[in-house]
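Enquirer: For reference, the chains in residue letters:
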Amino acid sequence: EAGVAQSPRYKIIEKRQSVAFWCNPISGHATLYWYQQILGQGPKLLIQFQNNGVVDDSQLPKDRFSAERLKGVDSTLKIQPAKLEDSAVYLCASSLPGGWYGYTFGSGTRLTVV
Amino acid sequence: AQSVTQLDSQVPVFEEAPVELRCNYSSSVSVYLFWYVQYPNQGLQLLLKYLSGSTLVKGINGFEAEFNKSQTSFHLRKPSVHISDTAEYFCAVSEIASYDKVIFGPGTSLSVSP
Chain A
1 EAGVAQSPRY
11 KIIEKRQSVA
21 FWCNPISGHA
31 TLYWYQQILG
41 QGPKLLIQFQ
51 NNGVVDDSQL
61 PKDRFSAERL
71 KGVDSTLKIQ
81 PAKLEDSAVY
91 LCASSLPGGW
101 YGYTFGSGTR
111 LTVV
Chain B
1 AQSVTQLDSQ
11 VPVFEEAPVE
21 LRCNYSSSVS
31 VYLFWYVQYP
41 NQGLQLLLKY
51 LSGSTLVKGI
61 NGFEAEFNKS
71 QTSFHLRKPS
81 VHISDTAEYF
91 CAVSEIASYD
101 KVIFGPGTSL
111 SVSP
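Chains as they are written, first to last, in this note's numbering: chain A, 1 to 114; chain B, 1 to 114.
Honestly, the hints are just simulated from the structure, not real lab data. This list has only true hints and no planted wrong ones.
Straight-line distance between alpha carbons at most 30 Å, and here's what the computed BS3-like set of lysine-lysine pairs gives:
| # | chain 1 | residue 1 | chain 2 | residue 2 |
| --- | --- | --- | --- | --- |
| 1 | A | K78 | B | K101 |
| 2 | A | K44 | B | K78 |
| 3 | A | K11 | B | K101 |
| 4 | B | K101 | A | K44 |
| 5 | A | K78 | A | K62 |
Chain A is nowhere near these chain B residues, computed Cβ spacing over 12 Å in every case:
| # | residue |
| --- | --- |
| 6 | V13 |
| 7 | E20 |
| 8 | R22 |
| 9 | S54 |
| 10 | T55 |
| 11 | K58 |
| 12 | E66 |
| 13 | T72 |
| 14 | H75 |
| 15 | K78 |
| 16 | S84 |
| 17 | S113 |
Every residue gets a Cβ at the ideal spot worked out from N, C-alpha and C, and that includes glycine.
Turn these sequences into a full structure, and let the hints guide you.
Expert: Structural data, given as C-alpha cells:
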C-alpha cells in the first residue's frame, strides 16, 4: 500500500513569513495527526483529526498555527507568521481508529526559519 | 497524564554486541506501549507494540521488548546489533480510551560501530 505522503520535503523561510505543509494519509485511515519534532527531541502532538473533525488541538499554538482536513482525507498545516522557534520537522501520521494499531508516518517536512 | 522517560540519550555499541534501550512510563490507567525507529531524514517506523497478553513482544529486525507493569518499564533489546541499526529509537505510550493519543519519549540515539 502507498505510504503517508508529505510535501514539501524541505522549506526555508524568513521569520514572519507564512508556510503551508500538505499531507495525504493512507487510504482508509480515518485518524490523522500532525507532530512537531524539534532537533534532538521526541515528536510532540500538535493536532489530531478523526475524519474531518478535530479530536485534540490542545498543543497547537492557535495564534499562529492552523490546520484543516477537508473531506476527511488530506490535510494542510499552516504557520502564519513563522518564528525562529518553529524550525523543526513536521511529521504527519495516520492510523485506523483504535489506539492499538500504531501509526504510519510520512517522511516529514523540515522547516528552517531564518 | 501519561509521560515517557528514556534514560539514555545516546548508546554507543560495537557491531554484534547486545544492546538494551531503557524506557519507563508514567500513567494512572492501563496503556498500550510502542517502540518506533527513525533513520536519518526519514519518518518514524513502528518496531513493535504491547497491547496485552504475553509481556515479551517480538518486533521487526530482531528486536524485542519486555513489559514490566510493576516497574512501569518497556525496555527494548537486541542480542546482536548491526551497523544498519544505527538510528534514533523512540518509546511511546497511549492510554487506553484516550482517543488514540500517543505520547513519545525524547528518544535514544543508537550508534553501532564496526
